[in-house]
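Please dock the two separately framed chains into a single complex, following the hints provided.
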Amino acid sequence: QQQVRQSPQSLTVWEGETAILNCSYEDSTFNYFPWYQQFPGEGPALLISIRSVSDKKEDGRFTIFFNKREKKLSLHITDSQPGDSATYFCAAITNSGTYQRFGTGTKLQVVP
Amino acid sequence: GPKVLQIPSHQIIDMGQMVTLNCDPVSNHLYFYWYKQILGQQMEFLVNFYNGKVMEKSKLFKDQFSVERPDGSYFTLKIQPTALEDSAVYFCASSLDNSGNTLYFGEGSRLIVV
Chain B
1 QQQVRQSPQS
11 LTVWEGETAI
21 LNCSYEDSTF
31 NYFPWYQQFP
41 GEGPALLISI
51 RSVSDKKEDG
61 RFTIFFNKRE
71 KKLSLHITDS
81 QPGDSATYFC
91 AAITNSGTYQ
101 RFGTGTKLQV
111 VP
Chain Y
1001 GPKVLQIPSH
1011 QIIDMGQMVT
1021 LNCDPVSNHL
1031 YFYWYKQILG
1041 QQMEFLVNFY
1051 NGKVMEKSKL
1061 FKDQFSVERP
1071 DGSYFTLKIQ
1081 PTALEDSAVY
1091 FCASSLDNSG
1101 NTLYFGEGSR
1111 LIVV
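Chains B and Y supply the protein sequences, listed in that same order. Take 1 as the starting number for the first sequence in our numbering and just add one per residue. Take 1001 as the starting number for the second sequence in our numbering and just add one per residue.
It is worth saying that the hints were derived from the structure and are not from the lab. Glycine included, C-beta positions come from ideal geometry on N, C-alpha and C. Hints may contain errors.
[Unchecked claim] Quick partial rundown of chain Y residues pointing at chain B, CB under 8 Å, derived from the structure:
hint : residue
1    : H1029
2    : Y1033
3    : Q1041
4    : E1056
[What the hints assert, rightly or not] Capping the alpha-carbon separation at 30 Å, the derived lysine-lysine pairs in DSSO-like fashion look like this:
hint : chain 1 : residue 1 : chain 2 : residue 2
5    : B       : K68       : B       : K56
6    : B       : K68       : B       : K57
7    : B       : K107      : B       : K71
8    : Y       : K1057     : B       : K107
9    : B       : K57       : B       : K72
10   : Y       : K1003     : Y       : K1059
11   : Y       : K1059     : B       : K107
12   : B       : K107      : B       : K72
13   : B       : K107      : B       : K57
14   : B       : K71       : B       : K56
15   : B       : K107      : Y       : K1003
16   : B       : K68       : Y       : K1057
17   : Y       : K1059     : B       : K71
18   : B       : K107      : B       : K56
19   : Y       : K1053     : Y       : K1078
20   : Y       : K1078     : Y       : K1059
21   : Y       : K1003     : Y       : K1053
22   : Y       : K1053     : B       : K72
23   : B       : K71       : B       : K57
24   : Y       : K1078     : Y       : K1003
25   : Y       : K1057     : B       : K71
26   : B       : K68       : B       : K107
27   : Y       : K1062     : Y       : K1003
28   : Y       : K1078     : Y       : K1057
29   : Y       : K1062     : Y       : K1078
30   : B       : K72       : Y       : K1057
31   : Y       : K1003     : B       : K57
Chain Y with its partners taken away, still in its complex shape (with noise of 0.2 Å):
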């Protein structure tokens, strides 16, 4: 099925350094989305994207984030600086709309602040 490549993995960084989440969609979908999850437990929506510009975040899209595709490439998430709190597992996923058609998750990306 299509695929959303998320990178990297898995990094370390030390807290007020600053990270990017790099995620690459499903390549004819127009809708890219960033949740995050503590611990395997819910999902919690952060932000969502079309057309070059932030839809809709949540109260978790705090100033120190941001989001971008530039030029078609990878739609990143930017946090900076890192706070001990923003360790958790950042999932992107794309969608052809958001009518409700299905969203497709990347592996995650498991932020650990230290």
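So that you can see chain B by itself, here it is in the shape it has in the complex (with noise of 0.2 Å):
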């Protein structure tokens, strides 16, 4: 069972634009919402993180847009780079969780 969703599979936008990556969850007990990066070859690395308190959170050209009735977040990348191509997770804990729970991944490639 996938508790963790993301969309687009891939995504491809020019420089400059806004990416726009898309989490689903079904657990309605996740609290935090972390955002990873990940380069090839590279171990995942947080990007930007969110708790359920919240409904939006920046940082730089990252915001994360959560919904907490919709057990929906997005992340939007603005003015996105050719250095920001790579595989973003959505990743997803509750409380009393021992573990993070990985979405399946967006992989984003940015076209100069």
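The structure is reproduced here in structure tokens:
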């Protein structure tokens, strides 16, 4: 059972555009949602995260929008750069959880 | 930033052999994890470890798998015997606690079973 889903599976945008990556989940007790960025040949690294008490978290060009009622999140990358080309994972964990559950990932390509 | 080191970076072994993947977690971290990734796709949780014990393991953590961290040395994942479907990249991660703190991942150990 896939508890965290992401769409699209892959996304191509032009440099300067806004990339929108979507994430949805099933377990309403999830309350912490980190997003990880993974470059080829490397491990995932935390990019930005949000807790369920917030509906928006911004860090530079990266913004998470969170809709608790619909159990959905989205990661917006504004002014996309070729260096943003990577795979992005949405993850989730509950307050009493012992490990983060990862989504299926979105592979982003930013074309110059 | 904090680094998690994994050894080896890649290994090719014959089916049925034993393999040990080593992880040197961030020094003051208390929780350790192994995740499995196939073809750059989803990160699948295998097991987590705290205070010398397995806390939770997934269905992917077969009987042939074991983990340990003897005396604060490497956190290891051992597979004995290996099967073809064990071919994947195995990522070690560590965290200060498990209540939502950041996971710090190593660069992975690519295992190819032939």
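So, going through the hints one by one against the coordinates:
1. H1029: violated (14 Å)
2. Y1033: holds (6 Å)
3. Q1041: holds (6 Å)
4. E1056: holds (5 Å)
5. K68/B to K56/B: holds (11 Å)
6. K68/B to K57/B: holds (14 Å)
7. K107/B to K71/B: Within the cut-off at roughly 22 Å; holds.
8. K1057/Y to K107/B: Within the cut-off at roughly 28 Å; holds.
9. K57/B to K72/B: holds (14 Å)
10. K1003/Y to K1059/Y: holds (28 Å)
11. K1059/Y to K107/B: holds (26 Å)
12. K107/B to K72/B: OK: K107/B and K72/B at ~19 Å, within 30 Å.
13. K107/B to K57/B: holds (22 Å)
14. K71/B to K56/B: holds (14 Å)
15. K107/B to K1003/Y: holds (24 Å)
16. K68/B to K1057/Y: holds (28 Å)
17. K1059/Y to K71/B: holds (26 Å)
18. K107/B to K56/B: Since the Cα atoms of K107/B and K56/B sit roughly 23 Å apart, the hinted pair holds (cutoff 30 Å).
19. K1053/Y to K1078/Y: The given pair, whose Cα atoms are some 15 Å apart, holds under the 30 Å limit.
20. K1078/Y to K1059/Y: Judged against 30 Å, a Cα distance of about 16 Å means the pair holds.
21. K1003/Y to K1053/Y: holds (23 Å)
22. K1053/Y to K72/B: It is violated: about 34 Å lies between the C-alpha atoms, which goes past 30 Å.
23. K71/B to K57/B: Cα-Cα ~16 Å, so holds.
24. K1078/Y to K1003/Y: holds (22 Å)
25. K1057/Y to K71/B: holds (26 Å)
26. K68/B to K107/B: Measuring from Cα to Cα gives roughly 25 Å; hence the hint holds.
27. K1062/Y to K1003/Y: Since the Cα atoms of K1062/Y and K1003/Y sit roughly 28 Å apart, the hinted pair holds (cutoff 30 Å).
28. K1078/Y to K1057/Y: holds (14 Å)
29. K1062/Y to K1078/Y: holds (11 Å)
30. K72/B to K1057/Y: The given pair, whose Cα atoms are some 27 Å apart, holds under the 30 Å limit.
31. K1003/Y to K57/B: With a Cα-Cα distance of about 26 Å, the restraint between K1003/Y and K57/B holds, given a limit of 30 Å.
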